[in-house]
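Protein chains: 4
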Amino acid sequence: MDNLLMEIIERNRNLVRNGKVADYIPALGKANPEDIGVCVADLEGNIYKAGKYNKKFTIQSISKVIGLMLALIDNGQDRVFEKVGYEGTDEPFNTLYKLDLPHVFKPANPMINSGAIITTSLVKGNGEEKFERILALIRKIADNPSIDYNHEVYMSEKSTGHKNRAMGYMMKSMGLINGDVESILDCYFKQCSIEVDAVDLSKIGAFIANNCKGLDAYGKIDREKLTSILVGIMSTCGMYNFSSRYAVEVGIPSKSGVGGGIMGVVKSKMGIGVYGPALDENGNSSVGYGIMKDLSRELKLNLF
Amino acid sequence: MDNLLMEIIERNRNLVRNGKVADYIPALGKANPEDIGVCVADLEGNIYKAGKYNKKFTIQSISKVIGLMLALIDNGQDRVFEKVGYEGTDEPFNTLYKLDLPHVFKPANPMINSGAIITTSLVKGNGEEKFERILALIRKIADNPSIDYNHEVYMSEKSTGHKNRAMGYMMKSMGLINGDVESILDCYFKQCSIEVDAVDLSKIGAFIANNCKGLDAYGKIDREKLTSILVGIMSTCGMYNFSSRYAVEVGIPSKSGVGGGIMGVVKSKMGIGVYGPALDENGNSSVGYGIMKDLSRELKLNLF
Amino acid sequence: MDNLLMEIIERNRNLVRNGKVADYIPALGKANPEDIGVCVADLEGNIYKAGKYNKKFTIQSISKVIGLMLALIDNGQDRVFEKVGYEGTDEPFNTLYKLDLPHVFKPANPMINSGAIITTSLVKGNGEEKFERILALIRKIADNPSIDYNHEVYMSEKSTGHKNRAMGYMMKSMGLINGDVESILDCYFKQCSIEVDAVDLSKIGAFIANNCKGLDAYGKIDREKLTSILVGIMSTCGMYNFSSRYAVEVGIPSKSGVGGGIMGVVKSKMGIGVYGPALDENGNSSVGYGIMKDLSRELKLNLF
Amino acid sequence: MDNLLMEIIERNRNLVRNGKVADYIPALGKANPEDIGVCVADLEGNIYKAGKYNKKFTIQSISKVIGLMLALIDNGQDRVFEKVGYEGTDEPFNTLYKLDLPHVFKPANPMINSGAIITTSLVKGNGEEKFERILALIRKIADNPSIDYNHEVYMSEKSTGHKNRAMGYMMKSMGLINGDVESILDCYFKQCSIEVDAVDLSKIGAFIANNCKGLDAYGKIDREKLTSILVGIMSTCGMYNFSSRYAVEVGIPSKSGVGGGIMGVVKSKMGIGVYGPALDENGNSSVGYGIMKDLSRELKLNLF
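Residue numbers (the numbering used here), protein chains in the order written: chain A, 1 to 304; chain B, 1001 to 1304; chain C, 2001 to 2304; chain D, 3001 to 3304.
Rather than coming from a laboratory, the hints here were simulated on the basis of the structure. It should be emphasised that the depicted structure is a prediction, and the values quoted were computed from it without experimental measurement. Be a bit skeptical, because a hint or two may be false.
What the hints assert, rightly or not - Simulated restraints, written as ranges between beta carbons of each label pair: (1) D:Met3155 x C:His2103: 31 to 37 Å; (2) B:Glu1044 x C:Val2104: 38 to 44 Å; (3) B:Asn1003 x C:Glu2182: 52 to 58 Å; (4) D:Asn3178 x C:Val2104: 32 to 38 Å; (5) B:Glu1044 x A:Leu299: 51 to 57 Å; (6) A:Asn178 x B:Asn1014: 32 to 38 Å.
Where a beta carbon is used, it is the ideal one built from N, C-alpha and C, also for glycine.
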């Protein structure tokens, strides 16, 4: 298996050329597009890995899955989806305009930025506590207590994230956000700046694939339902407006981030973590997409 | 199994009250909301059924799956998706406005009306031939040579379908449609007026679930790929802008129509046909949704 | 005065380079961008002219003023503006998308295509009669019985006008249009193809500037009101989404057409007709705009 | 004249019933809808007034004219209109969505909130200085050194103005705003909270009607041009998306505010100030509109 992973990496390495490292903040622009890693974690606890699987990168939008998970744990499905929809969208991750159309009352889904700001706002906790709870949950489900956020990335996101700020205040004006917008965004920028590697992602994926087992400390949870929500939403919205094409070509519920990561969930089987910082025009890792496509075919993981 | 199906029907009968029979044309308004049927066809050829499984209704948007199938057979994936996207959308089935935004070059996906008009336009054949080929394909995959269209419904759709006409001419002006718009719409209105029952739908679903086996007469086809496209698109776009929520709650790739039908595909296992003409606010059968939810839970069919 | 007009033409001749002759249909593309004409008609019946003032060109969107005039005569202000708004817009003349937004119930104003199709639909008359009444009104107010439409341009507009067709069917589906869409569009394409010269435009402008005097044959009309509507709408919407800038720089209520004409109305003083077929990016005559600016300054006509 | 004004007030008093006092902040909701005042200031220095002409109210959006004036004085026409358009709009004053459409690069015009935030950002001065310069200009052109802002209204606007904040950050992300968004909004909220009466408004109107004479202290200014810009923009955009209808019915370039004021400019003749806090559905004073209509007819002021 490790050999297969290495082979798949090499087969897709040339896709680096189809992408470009995110550079809207300097800290991201420093990533090396040739750093490619992959890790598969099955539900028996086996870990298969290849390439730069232990290269750290920021989790970025993949944190939206964790934010949604904790918002659901803290509030339940109904209260979360009062404020954010379950609708795929043909708009990019940072779309704002629909929130200002009179027939729209909430963000389309929790995987676009506006929707993720909502789920962050719904995570319980005041000030720092909100972020600490998100960090604690990631550490737990990745089984890695050393996970932390990158202060430089966080500070850069915070100082340039004006469009996210616009979304935050727009949703405040719509009555969707309680509490202080700046403080919620602060948490959001921090959660996006959490550093992980491909191994961490694969373990988070495996945790979800295993029906979110191991959350006893969080009280009574309908784990089946929690998992269906997370995986169903990842499947239809996880790869931004490329989600539907990705469903066709890969067929593994996944979530990507502009840090270059992709996390895949194969229910009852495995979690997958991929890293490749060059991004295609949809903001997904270009190499990562190729690797997921090959993994899906080689291991017959396509759901569709 | 037949008992289970009957029980599920009865359990969901009260959902009739949450819906309303489509009445934009008189022929549809005559449907009896209490006529509820369900049929499951497995890949061994067994048929399980309950209720008004042999009640005829118009296939409406479920024909979009057949239109896409034939467009793919006739043109291949690349040429079809030059003119229509693979993107889920948070807009309703009859949305038009995005086609007039300067950054949008094609309909979001083949399951909304505009996208389906594109796939109809791509089906090979002049004049009547286009429709005859669609009808022949449905008859074949449903294994029912008696399937035909309802002339009254067709004439009504044709005389009131001005918004579809607007879409057609808009896409003509965008260079997405070759040929005569009225003649393409004529075919589209006819394909929507094809009459089926729940048994037909379950067999069409089973055909797709069986990797579209049996298309030899159509030449060399990558059946795996064809199936992934159909099922992937149904999963992310098949229930209109309710698709993502439906993925969470049901997790069976499905397509609905305003005639009251829902067709489900459980890959390598079975096809499902449900009928219940009362529609919820998303245009999906209200009872049908409840039945699909129960079937998914009882038979453990949720992919997510 | 004739000398001043000639001088102003020469001063602005180089603006030809800032524009491009419309070429969406071949007949328009044949126009010579160096053909520039201007004519001023005062209310005493004096005519001042220079350049190619008797060069014929199609009236195009300037006909929207006549269409509005006749719709108002036939229906009154209230019934016309039930179906079209009085709102300036920051969208181009052929915008469609807003009609599909749920909070929009009618076209923004009668100077964009969708709004003009509405006013054409409101002109009384069956089949050919509708167009004949529009033509008769133009002949009367331009005091030129030889005015007619260009059959080649009409046929070209008709065969390529798919976006206008999309608007027509969209508005039919919204309940804004009674009668047959194709027949209304036929009239619209014909009215746009009417041929005039700068002298004709100046006389139409003078007619309006003179409070629409001379419509006795049309029955009892509140001429003050009719004039205020026409001039107020021209002032705020007549130059497409350039109207507000034009108000600042020129300050003469005007209407332009892609045939290269601009008609100006200086109330109680004069009408102005300008011709220059090279169009700027807003679809207005580039030379015509320069000439109007100079005329406004030299003759102190700026209202603002 | 004073009698005519009183008569016009009484004639329109019943229009109070067609409107509603703005109540998005408590301080505005306290206004008495029966307090109606009007004042006309001609260019010879005569002042005619009637009703509650000395009732103080907040200037609100009428301050956008002053903000535009000072931005033009400080930067010139070209630099201002690089960042804000000259386009009328069919959207309400607080519209945001277009800024997020890919073909839109700046707010439509300086009379909607987003555009006014731009002009405020362009007024020279750091921190408090920006506002002090706006206040000084209003005091000067209204010839009333006692004008000041209402601290309670300012604090309320500041604490509830989240949609304006969203616009500010959106435009920051578009590169349209230099400097700190919160500090610019602070100035914007203060300028909207400036208290005036109908007399002040009439004098500001008369100042503009008199070609902005008296700005020598501000350096060399093309006063003709400055005036054309202000009046041209008021004429096409000053009454929000009602501007075009208002042009037809009143024909006096005007600007309204949700405080209940309307300021009219009759070039080379007079300024008009009207107060009536009940607002119609477009956010314009319902009584004020009626009064302006009657004034226009009685004094023959309609430009169109």
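Verification of the supplied hints:
1. D:Met3155 x C:His2103: 31 to 37 Å: holds (32 Å)
2. B:Glu1044 x C:Val2104: 38 to 44 Å: Roughly 54 Å apart at Cβ, these two residues miss the hinted range, so it is violated.
3. B:Asn1003 x C:Glu2182: 52 to 58 Å: Between B:Asn1003 and C:Glu2182, where Cβ atoms are some 56 Å apart, the hint holds.
4. D:Asn3178 x C:Val2104: 32 to 38 Å: holds (35 Å)
5. B:Glu1044 x A:Leu299: 51 to 57 Å: At roughly 27 Å between Cβ atoms, A:Leu299 and B:Glu1044 fall outside 51 to 57 Å, so the hint is violated.
6. A:Asn178 x B:Asn1014: 32 to 38 Å: holds (36 Å)
Violated hints, in rising order: 2, 5; the structure is consistent with all others.
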